[in-house]
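Fit chain B to the given chain C structure using the hints.
2 protein chains.
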Amino acid sequence: MDWEKNVRRTEPYVAGEQPGQGGVVKLNTNECPYPPSPKVGEVLKGLDFEGLRLYPDMDAKELVNTLADYYHVKPGQIFVGVGSDDVLAMSFLTFFNGGKPILFPDITYSFYDVWAEVFRIPYRTCPLDGDFRIQKEDYQKPNGGIVIPNPNAPTGVMEDVGVLEEIVAANPGSVVVIDEAYVDFGGESMLPLIGRYPNLMVVQTFSKSRAMAGMRIGFAIANEKLIGYLKDVKFSFNSYTMGLPAILAGKAALLDQAYFKETVGKIIDTREWAKEQLKGLGFTLTDSKSNFVFASHRSIPAREIFQALKENNIYVRYWDKPRINNHLRITIGTREQMETLVAFLENYIKER
Amino acid sequence: MDWEKNVRRTEPYVAGEQPGQGGVVKLNTNECPYPPSPKVGEVLKGLDFEGLRLYPDMDAKELVNTLADYYHVKPGQIFVGVGSDDVLAMSFLTFFNGGKPILFPDITYSFYDVWAEVFRIPYRTCPLDGDFRIQKEDYQKPNGGIVIPNPNAPTGVMEDVGVLEEIVAANPGSVVVIDEAYVDFGGESMLPLIGRYPNLMVVQTFSKSRAMAGMRIGFAIANEKLIGYLKDVKFSFNSYTMGLPAILAGKAALLDQAYFKETVGKIIDTREWAKEQLKGLGFTLTDSKSNFVFASHRSIPAREIFQALKENNIYVRYWDKPRINNHLRITIGTREQMETLVAFLENYIKER
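Protein chains in written order, with my numbering: chain C, 4 to 355; chain B, 4 to 355.
These aren't lab readings, by the way, just hints derived from the structure by calculation.
Just to be clear, a hint being listed does not mean it is correct.
Identical copies look the same in the list; a pair holds intra-copy or inter-copy alike.
Straight line, CA to CA, 16 Å or less: simulated EDC-like cross-link-like pairs of lysine to aspartate or glutamate [claimed, not checked]:
1) Lys-103 with Glu-7
2) Lys-324 with Asp-109
3) Lys-228 with Glu-7
4) Lys-103 with Glu-120
5) Lys-234 with Glu-14
The following block holds chain C by itself, in its conformation from the complex:
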């Protein structure tokens, strides 16, 4: 139709399936297999719902101040959003506004090129080496910005913080965004370097290690000037993104450090156990430091395993994309869920 000529056309991001029915072993979207802290439940139960008539605090101060205490930075160094996707999308819009291409790995979170397309940001992907490692020289060329996830997704590979620091230091003319969605599962954060590099921004999320994907909370930490620019763009978009339940529940989750440590510890233990089991079944795995493993079988194509698992109500993630089309990304569930997976695979491989 006539009005369609003015429409922005775009290829949207495709998220992992969310099966409607129960009985599924859901290891496909990197959710936490454990519930959020019970303190989150208490806060929601006690929420004064009458207060919902008012706009929420647009600075989400209760949450921001708690994050500031937790990470030992100033409140002005923190930006919060509707999941880290919101934070990253706003960062792309804010910081990747030059003419030169931005850089990110060729195998990485598949939202980066989607954001670049929708905001018309030129980009170039830098090939990981055969072990899915970053080649730092790739990021020492002229660019309009850099985004690197660490640990990377879907590989789970943790890059050495020293290598990333070299990249940040080599690019004073670009904002370097380190996407640490999975860092709590045994990775090393770049946060201690924020004070040293005004062009470094770290993004994290409550969706994985804090088990709050359903609440939508992500955040960025950087120097105040950089965060100020990000806020300006955010406040040109939507003043009130963080609803009252998210602000209060996010704060409660942060304050329950004991529960957080326990949950993350269990996931790490299960991951290491699952790695050994899968190796025993003929899989090759990266040394994932995230809440998933990235696995390829020595003889059975990943696509076939993916289908067999799905038919048996075990959901994992598979991409039919160059270089990773023989790998599966398997979220770490409970020990019981992983035992179900391993038992099925053992039998499947034997019977095949």
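This is chain B only, laid out in the frame that chain C set:
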């Protein structure tokens, strides 16, 4: 600094003040003076917080299907977002992507030009006449899109739906967005015309008439093709914008029609009462069909009244902008709050 050359600079929207302390008669941000439906409270109390570990349904089906039933449209005709600001921002990005300027009134919601600036959309404002009415010929010129709030803000003036229909019909080459944030307070919706005009989109919100500003829910209704484009852009931005509490609480609010009617009825009654009182005190008012009035005093400058009110803990909204810098926008509070306002003004005008 060096990296700043790639940064998008923008003048953010400035929202009304959110006073931290209590004891304020808050008539400055068009919030509902009554709480949301008690059903909202029940749903939040009963929320299975453990379910927050999972990503929410990215299509927000429970909320969308309830909206579809309520407004007698198909679920595919509905788009939901983080407040109507999110919905409008996404619409600007999606539909106003041509080279020609988009059109909107010169006196209107002050986010429109902010979105146009941040997305680099050329725009032209069309002057309202002396009675703050739209001049329809202004919208029958070449354009890249049209956005009109009805009732308008901050004037509260309701435009005749027939006039708006002429504008929609005259612009088959443009998407026409009618922003009906305030329509529930006695306005007439364009929704019955959605089926007739494929280029018409209506946007509404839960923040005003449903008293849920703190929860962040807005929505758009249009034909399925148009909504499909909007979803593509949205899914290029953030897959999961609506958290679980918003989906469930929004549904609960919609289903409590009796409470909604009662609340809206009380606000309309109080508005009409307040109009008479203010007229008696020497104010000229538009015939507002929203949850606020737009008032100018015959002898005292608006700015002085604004200051005097603020010093006495009564917050209203004032803009130092051409054509409206002698007006106040006063949100309709409870009858008691409006009596406090009127009593103060009566005394203030007498003593002055």
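A quick look at each hint next to the structure:
1. Lys-103 with Glu-7: between (30 Å within a copy, 14 Å between copies)
2. Lys-324 with Asp-109: within (11 Å within a copy, 50 Å between copies)
3. Lys-228 with Glu-7: between (39 Å within a copy, 10 Å between copies)
4. Lys-103 with Glu-120: Within one copy only: 14 Å inside a chain, 22 Å across chains, cut-off 16 Å.
5. Lys-234 with Glu-14: between (27 Å within a copy, 10 Å between copies)
Checked against the numbered hints listed earlier, the structure breaks none of them; every hint is satisfied.
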